[in-house]
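All chains, please: the whole structure from these sequences, using the hints.
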Amino acid sequence: MQEFSLVDVYPVKALDYATAGDASATIKRKLKQLGVDSTILRRIAVASYEVELNLIIHSAGGTLTLKMNPTEIQLISSDVGPGIPDIQKALQEGYSTASEEARNLGFGAGMGLPNMKRNADEFSIQSEMGKGTLIQMRFHLS
Amino acid sequence: MKITEIMRILDARVLCGEDWLDQEVSTACGSDLMSDVLAFVKEKTVLITGLTNIHVIRTAEMLDIHCIVFARGKVPGEDVLEEARELGIVVLTTRHTTYTTCGLLYQAGIRGNSDCAPQASDIARGE
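Protein chains in written order, with my numbering: chain A, 1 to 142; chain B, 1001 to 1127.
One should not assume that every hint holds.
As the list claims (entries may be wrong) - Cross-link-like lysine to aspartate or glutamate pairs, in silico, DMTMM-like; alpha carbons within 25 Å at most:
#1 117/A <-> 1032/B
#2 32/A <-> 1022/B
#3 32/A <-> 1086/B
#4 30/A <-> 1064/B
#5 131/A <-> 8/A
#6 1074/B <-> 101/A
#7 1042/B <-> 93/A
#8 30/A <-> 1043/B
Rather than coming from a laboratory, the hints here were simulated on the basis of the structure. Bear in mind the structure is a predicted one, so any value in this text is a computation, not a measurement.
Structure, rendered in structure tokens:
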């Protein structure tokens, strides 16, 4: 695999709804400046926003990492808990454990993980209760 | 259809983005659930919503939505409009309800994204 010329790490705080989307907006603007194709860019932006929202709504805090080399872009979400009890359920469209607060803001329709999976070329999720969740998404550039 | 035409049909008032009213819109989405908007929207879409928080603008930014219509005469806060202005998003408000707003645009020939069934794995890829 080629080395990554770009590696950015964005911390995301739990329940910080006011800044939700800031990291994704920065990522989108940066990749646009780097000349990433607009169709791929939109898929990355949607997946990034969904995963950032998930960190805010569901996790105890974590990071969103952007990596890029000439052939691919990776988005990696890593948090410190609480973990997902049933990943298969969480991957179903419409299944959500989001709070009332998140729902009032227009989220929590249970589309997050399925939407990430749909937009990424490769998607993987690992979760351990009490430890945390790791989501990796790869977007092919060529 | 140009945004100016949408304004005429909806008897809408422009809240920001006066300089970009001649942009084209080809499809529409009416929803207060940004999760659904994120899952189904394609390009050149006008978003009709009753939700007026900053996340509507953020969602529009991620999806390259250039026009938002707030229904039922809703007007978002200045911070929301300021963000939209910076991003070059046209924001309109109409006295009509979300249902009527969608109906009027549909009647005028604007259709929704027809291939937005949840099962379609390729929606967001523009395929």
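To see whether the hints hold, each was checked on the structure:
1. 117/A <-> 1032/B: 23 Å, holds
2. 32/A <-> 1022/B: 24 Å, holds
3. 32/A <-> 1086/B: 16 Å, holds
4. 30/A <-> 1064/B: Measuring from Cα to Cα gives roughly 15 Å; hence the hint holds.
5. 131/A <-> 8/A: Roughly 23 Å between the alpha carbons, so the hint for residue 131/A and residue 8/A holds.
6. 1074/B <-> 101/A: Status holds; Cα separation ~21 Å.
7. 1042/B <-> 93/A: 19 Å, holds
8. 30/A <-> 1043/B: Between residue 30/A and residue 1043/B the Cα gap is close to 20 Å, so the pair holds against 25 Å.
Checked against the numbered hints listed earlier, the structure breaks none of them; every hint is satisfied.
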